[in-house]
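Asker: One letter stands for each residue in the lines below.
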Amino acid sequence: DARVTQTPRHKVTEMGQEVTMRCQPILGHNTVFWYRQTMMQGLELLAYFRNRAPLDDSGMPKDRFSAEMPDATLATLKIQPSEPRDSAVYFCASGPDYSNQPQHFGDGTRLSIL
Amino acid sequence: KQEVTQIPAALSVPEGENLVLNCSFTDSAIYNLQWFRQDPGKGLTSLLLIQSSQREQTSGRLNASLDKSSGRSTLYIAASQPGDSATYLCAVRPIKAAGNKLTFGGGTRVLVKP
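The listed protein sequences derive, respectively, from chains Y and B.
Adding 4 to a residue's 1-based position in the first sequence gives its number in my numbering.
Adding 7 to a residue's 1-based position in the second sequence gives its number in my numbering.
By construction, these hints were calculated from the structure, which means they are not laboratory data.
One or more of the hints may lead you astray.
[Said to hold, decoys possible] Think about it this way: if two alpha-carbon atoms lie no more than 20 angstroms apart in a straight line, the pair counts; the simulated EDC-like pairs of lysine to aspartate or glutamate are:
1. B:K103 - B:D46
2. B:K120 - B:D74
3. Y:K66 - Y:E22
4. B:K103 - Y:D101
5. B:K8 - Y:D67
6. Y:K15 - Y:D5
7. B:K75 - B:D34
8. B:K108 - Y:D5
9. B:K108 - Y:E18
10. Y:K82 - Y:D5
11. B:K108 - Y:D101
12. Y:K82 - Y:D111
13. B:K8 - B:D34
14. B:K49 - Y:D61
15. Y:K66 - Y:E87
16. Y:K66 - Y:D101
17. B:K120 - B:E22
18. B:K75 - B:E63
19. B:K8 - Y:D60
20. B:K103 - Y:E48
21. Y:K82 - Y:D101
22. B:K120 - B:D34
23. Y:K82 - Y:E72
24. B:K108 - Y:E87
25. Y:K66 - Y:D90
26. Y:K82 - Y:D61
27. B:K103 - B:D74
28. Y:K82 - Y:E18
29. B:K103 - Y:D61
30. B:K108 - Y:D61
31. B:K103 - Y:D60
32. B:K49 - Y:E72
33. Y:K15 - Y:E87
34. B:K8 - Y:D5
35. B:K49 - Y:E48
[To be verified] Quick look at which bits of chain Y chain B covers, simulated, 3 or more residues with Cβ under 8 angstroms:
36. 78 to 86
37. 105 to 117
[Said to hold, decoys possible] The following label-pair restraints were derived from C-beta to C-beta distances:
38. B:K49 - Y:E22: 22 to 32 angstroms
39. Y:N55 - B:E63: 26 to 36 angstroms
40. Y:R89 - B:A16: 18 to 28 angstroms
Model, not experiment: these values are computed from the prediction.
All C-beta atoms in this analysis are idealised placements derived from N, C-alpha and C, irrespective of residue type, glycine included.
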């Protein structure tokens with residue numbers, strides 16, 4: 005079965021360090037999403053790409069977060085500088101651009117900022 | 008702004024009992040509603056997707072209903088098994104949202120006791 009692959013699965017780093025999370029969407033999916041999940045806020049959409057172009061990043065703190073799709077097989081989410089409040093699980097999802105098709109999620113990156 | 012609510016937040020049932028999970032949303036202008044399952048340390052797995060024109064969808068022991076006018080969906084899991092223990096999330100795709108964005112509920116954590 006095709007899967008969304010995220011790396012790394014776990015990341016522990018100190019406050020102030022740069023963090024880069026990577027996602028390989030399912031081949032043929034032209035929409036890619038980044039979500040953040042915390043106990044307090046649940047699942048929040050951070051950024052959304054269609055055909056590699058950013059369509060919506062209104063949920064993302066612009067001063068420290070950035071999301072890109074250098075090519076169709078790679079999406080990245082960077083945090084610089086990282087802060088303890090960024091600790092969460094970050095999920096990438098991909099899907100075809102049709103309303104009758106579900107999104108497919110990766111297993112996430114569990115991020116801890118000390 | 009679309010809001011999605013799932014009550015209760017947690018549910019515990021003995022094995023064999025039918026599960027009934029509730030989801031409510033504030034704006035009936037949606038393209039579809041999806042139910043997802045999330046296991047600990049994992050991403051979300053799509054279970055069922057109901058288009059706004061549909062009243063229900065079925066897959067094996069799972070049945071999801073949609074009453075768009077009242078802003079409600081219910082996920083039924085027949086003859087629950089310990090392997091059904093997980094967190095179940097519902098999400099709607101609002102018509103007013105750009106692209107294939109989803110708005111998630113907070114989830115219901117289910118424990119099926121042997």
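Asker: For every hint, state whether the structure bears it out.
Answerer: Outcome of the hint check:
| no. | hint | result |
| --- | --- | --- |
| 1 | B:K103 - B:D46 | violated, 30 angstroms |
| 2 | B:K120 - B:D74 | violated, 30 angstroms |
| 3 | Y:K66 - Y:E22 | holds, 15 angstroms |
| 4 | B:K103 - Y:D101 | holds, 16 angstroms |
| 5 | B:K8 - Y:D67 | violated, 25 angstroms |
| 6 | Y:K15 - Y:D5 | violated, 26 angstroms |
| 7 | B:K75 - B:D34 | holds, 9 angstroms |
| 8 | B:K108 - Y:D5 | violated, 24 angstroms |
| 9 | B:K108 - Y:E18 | violated, 32 angstroms |
| 10 | Y:K82 - Y:D5 | violated, 28 angstroms |
| 11 | B:K108 - Y:D101 | holds, 10 angstroms |
| 12 | Y:K82 - Y:D111 | holds, 18 angstroms |
| 13 | B:K8 - B:D34 | holds, 8 angstroms |
| 14 | B:K49 - Y:D61 | violated, 24 angstroms |
| 15 | Y:K66 - Y:E87 | holds, 14 angstroms |
| 16 | Y:K66 - Y:D101 | violated, 26 angstroms |
| 17 | B:K120 - B:E22 | holds, 5 angstroms |
| 18 | B:K75 - B:E63 | holds, 11 angstroms |
| 19 | B:K8 - Y:D60 | holds, 16 angstroms |
| 20 | B:K103 - Y:E48 | holds, 17 angstroms |
| 21 | Y:K82 - Y:D101 | violated, 25 angstroms |
| 22 | B:K120 - B:D34 | violated, 36 angstroms |
| 23 | Y:K82 - Y:E72 | holds, 9 angstroms |
| 24 | B:K108 - Y:E87 | violated, 27 angstroms |
| 25 | Y:K66 - Y:D90 | holds, 13 angstroms |
| 26 | Y:K82 - Y:D61 | holds, 13 angstroms |
| 27 | B:K103 - B:D74 | holds, 19 angstroms |
| 28 | Y:K82 - Y:E18 | holds, 15 angstroms |
| 29 | B:K103 - Y:D61 | holds, 16 angstroms |
| 30 | B:K108 - Y:D61 | holds, 11 angstroms |
| 31 | B:K103 - Y:D60 | holds, 13 angstroms |
| 32 | B:K49 - Y:E72 | violated, 24 angstroms |
| 33 | Y:K15 - Y:E87 | holds, 13 angstroms |
| 34 | B:K8 - Y:D5 | violated, 36 angstroms |
| 35 | B:K49 - Y:E48 | holds, 16 angstroms |
| 36 | 78 to 86 | violated (count 0) |
| 37 | 105 to 117 | holds (count 9) |
| 38 | B:K49 - Y:E22: 22 to 32 angstroms | holds, 27 angstroms |
| 39 | Y:N55 - B:E63: 26 to 36 angstroms | holds, 33 angstroms |
| 40 | Y:R89 - B:A16: 18 to 28 angstroms | holds, 23 angstroms |
Violated hints for the displayed structure, listed by number in ascending order: 1, 2, 5, 6, 8, 9, 10, 14, 16, 21, 22, 24, 32, 34 and 36.
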